[in-house]
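Number of protein chains: 2
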Amino acid sequence: MTKEELIQGIASGDSRTLSKAITLAESTLAEKRDLALEVIAHFGPQDDTYRIGITGTPGAGKSTFIEAIGIKLLQDPTRKIAVLSIDPSSGKTHGSILGDKTRMNKLSAHERAYIRPTSSGSQLGGLAKNTRLAMLLCEAAGYNTILIESVGVGQGETEVAQLTDLFTLVLNPGGGDELQGIKRGIMEMADIIVINKADGDAERQANLTAKEYSMALHLMPTSTPFSIGSNSGWIPKVITASAITNKGIDVFWEKAFDFEKTVSQNSWKETHRKEQMHYWARKSVQDLLLSKLDHYEKAIVKGLEEGKLPEEIAKEIVE
Amino acid sequence: MTKEELIQGIASGDSRTLSKAITLAESTLAEKRDLALEVIAHFGPQDDTYRIGITGTPGAGKSTFIEAIGIKLLQDPTRKIAVLSIDPSSGKTHGSILGDKTRMNKLSAHERAYIRPTSSGSQLGGLAKNTRLAMLLCEAAGYNTILIESVGVGQGETEVAQLTDLFTLVLNPGGGDELQGIKRGIMEMADIIVINKADGDAERQANLTAKEYSMALHLMPTSTPFSIGSNSGWIPKVITASAITNKGIDVFWEKAFDFEKTVSQNSWKETHRKEQMHYWARKSVQDLLLSKLDHYEKAIVKGLEEGKLPEEIAKEIVE
Chain R
120 MTKEELIQGI
130 ASGDSRTLSK
140 AITLAESTLA
150 EKRDLALEVI
160 AHFGPQDDTY
170 RIGITGTPGA
180 GKSTFIEAIG
190 IKLLQDPTRK
200 IAVLSIDPSS
210 GKTHGSILGD
220 KTRMNKLSAH
230 ERAYIRPTSS
240 GSQLGGLAKN
250 TRLAMLLCEA
260 AGYNTILIES
270 VGVGQGETEV
280 AQLTDLFTLV
290 LNPGGGDELQ
300 GIKRGIMEMA
310 DIIVINKADG
320 DAERQANLTA
330 KEYSMALHLM
340 PTSTPFSIGS
350 NSGWIPKVIT
360 ASAITNKGID
370 VFWEKAFDFE
380 KTVSQNSWKE
390 THRKEQMHYW
400 ARKSVQDLLL
410 SKLDHYEKAI
420 VKGLEEGKLP
430 EEIAKEIVE
Chain F
120 MTKEELIQGI
130 ASGDSRTLSK
140 AITLAESTLA
150 EKRDLALEVI
160 AHFGPQDDTY
170 RIGITGTPGA
180 GKSTFIEAIG
190 IKLLQDPTRK
200 IAVLSIDPSS
210 GKTHGSILGD
220 KTRMNKLSAH
230 ERAYIRPTSS
240 GSQLGGLAKN
250 TRLAMLLCEA
260 AGYNTILIES
270 VGVGQGETEV
280 AQLTDLFTLV
290 LNPGGGDELQ
300 GIKRGIMEMA
310 DIIVINKADG
320 DAERQANLTA
330 KEYSMALHLM
340 PTSTPFSIGS
350 NSGWIPKVIT
360 ASAITNKGID
370 VFWEKAFDFE
380 KTVSQNSWKE
390 THRKEQMHYW
400 ARKSVQDLLL
410 SKLDHYEKAI
420 VKGLEEGKLP
430 EEIAKEIVE
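Chains R and F, in that order, give the protein sequences. Numbered continuously in the working numbering, the first sequence closes out at residue 438. Numbered continuously in the working numbering, the second sequence closes out at residue 438.
Treat the hints with care, since some could be wrong.
You can't tell identical chains apart in this list, so a pair holds if it fits in one copy or across any two.
[As the list claims (entries may be wrong)] With a straight-line Cα cutoff of 27 Å, these simulated DSSO-like cross-link-like pairs (lysine-lysine) come out:
hint : residue 1 : residue 2
1    : Lys139    : Lys427
2    : Lys411    : Lys225
3    : Lys427    : Lys122
4    : Lys417    : Lys122
Treat the hints as calculated values from the structure; they're not laboratory data.
From just these sequences and the hints, can you work out the full model?
So this is what it looks like as structure tokens:
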């Protein structure tokens with residue numbers, strides 16, 4: 120497809136063109152990536168979208184929760200939802216936490232929903248970077264609500280905070296966050312904590328867990344990390360939810376839109392997105408610099424053979 | 120001091136000149152560092168030295184052990200010993216694990232011993248890199264035995280393996296390596312494991328611990344990590360020691376020289392040092408590349424203001 124065809128297809132909201140553009144963005148071939156970047160640059164930033172991160176260990180019921188909140192939101196005819204994933208394990212197996220799309224039956228069948236796992240490609244630190252490009256393409260295609268799913272165990276969960284406006288943590292009833300295999304520091308990043316599976320026998324336990332987290336959150340600073348110098352002005356909320364009984368789904372959106380209203384009014388959302396852009400620009404420069412390392416391998420070996428010191432070799436090569 | 124004065128002082132084994140040269144190497148000023156590098160380059164590599172890494176958590180008795188083995192080795196009049204340290208905590212406090220020199224009373228008073236903690240300066244990843252330069256300067260000054268002390272908890276212990284020929288792990292009697300706060304993977308790096316403080320009531324426990332480690336080691340591969348593609352051909356040994364009763368000090372040197380004989384004869388020592396040089400050359404190039412990042416800050420901000428994508432900015436800046 121030509122650049123013009125891609126732009127036209129995306130502008131008309133065609134999901135097949137969107138998928139093709141995302142595949143280009145994930146490509147390891149520079150010319151393909153560049154084509155995708157040109158398409159993204161054509162559309163420019165979409166400031167009126169809502170980017171929501173949803174982190175939780177496998178087994179916390181993220182997929183059913185995402186399906187439930189997605190279906191709920193789509194009752195609003197102005198909403199178009201894209202679900203993307205950051206999964207550090209997908210690089211190894213070429214699988215993904217979203218690979219099994221059947222887990223989101225209803226959502227994936229909906230005409231105003233788009234579901235796509237991100238491939239890391241073989242790019243250095245490419246996972247969240249690729250998700251970012253996929254997100255920008257989805258926004259260009261008119262998806263105004265982006266849900267980014269990540270497992271809270273690797274590096275992805277800290278980078279998901281660099282992609283999204285709202286950070287949601289989905290937990291099982293019972294057990295602390297460390298017991299649930301969530302990395303230290305993740306809880307402090309959450310704007311909304313969802314104690315999931317609050318149904319049947321587990322409901323009482325879920326309520327108890329929610330109470331514990333509420334108390335723990337009151338001991339923490341209210342600023343969102345990774346937004347150095349700014350403060351979202353939002354006090355984190357803990358809710359219970361169940362996709363089966365549809366409990367907490369309304370409450371989630373109520374809190375999520377409260378959050379959006381707060382951070383739009385105090386202009387934190389705008390500031391935060393600017394800081395995120397700065398993060399990704401620095402990261403892009405850093406990754407490009409480090410990608411040079413292998414190109415220098417021959418010069419390094421030659422310098423060593425000539426008996427030069429590592430520091431001399433580095434200076435000669437880089438300067 | 121001029122370059123010539125530094126070279127002359129070091130060639131004559133003057134420890135005050137050596138200290139000055141190491142301070143230059145640790146400097147954050149490029150011209151000072153460059154002067155130290157020129158001095159190091161003047162002397163070239165000293166292939167006949169023996170570089171010994173000694174890792175263990177604070178409290179394992181590394182200092183008393185080092186003093187004991189140092190004093191013992193200095194009975195050989197051809198030996199000159201330099202003790203250097205890699206301590207990740209020293210950057211914060213400007214202190215060091217070796218700062219309290221009184222812990223090595225006898226050794227520091229000996230005319231053929233030189234003791235010096237390494238300062239990280241403010242250099243990116245500068246700690247082990249600075250220790251490496253200090254080591255090369257000590258070798259140039261005629262110190263043929265280098266003991267490099269590190270706490271096995273941070274990043275230092277993996278880099279100490281990139282500096283030394285022999286990797287020694289000093290442990291307390293009782294408790295596994297993880298119980299003792301040693302990072303996973305360190306045990307597998309050890310060529311000699313010393314169960315220290317094997318005196319009085321603890322002797323029985325030390326023997327038991329030694330037996331357990333011996334058994335555990337038999338389940339592990341015999342190659343030293345970080346020497347990808349080569350194999351030292353050495354089977355790791357576990358010994359017990361006590362600086363107080365002088366137990367195990369002879370045995371340590373017996374094993375240590377067995378090791379050196381083995382890896383000299385099968386030329387692993389030479390190969391390993393070449394691989395280490397390659398590691399430091401790559402690291403130097405990498406650090407120098409990353410040090411550019413801050414220089415690009417203005418260009419990054421300008422690109423963002425112009426509404427460019429992070430990937431575009433990176434490409435424009437780096438290429």
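Practice item. Could you place Lys427 and Lys122 in one of the four classes (within, between, both, neither) given a Cα distance threshold of 27 Å? Key: Answer is between; shortest inter-copy Cα gap is 18 Å, intra-copy 48 Å.
Practice item. Can you give me the call for Lys417 and Lys122, within, between, both or neither, at a CA distance of at most 27 Å? Key: neither (37 Å within a copy, 31 Å between copies)
Review point. Should Lys139 paired with Lys427 be assigned to within, between, both, or neither, using CA atoms and 27 Å as the limit?
Key: Result: close only across copies, 23 Å inter versus 49 Å intra.
Point to revise | Intra- versus inter-copy proximity for Lys225 and Lys411 (alpha-carbon distance at most 27 Å) | key: neither (45 Å within a copy, 49 Å between copies)
Violation of the numbered hints given earlier is confined to hints 2 and 4; the remaining hints are satisfied by the structure.
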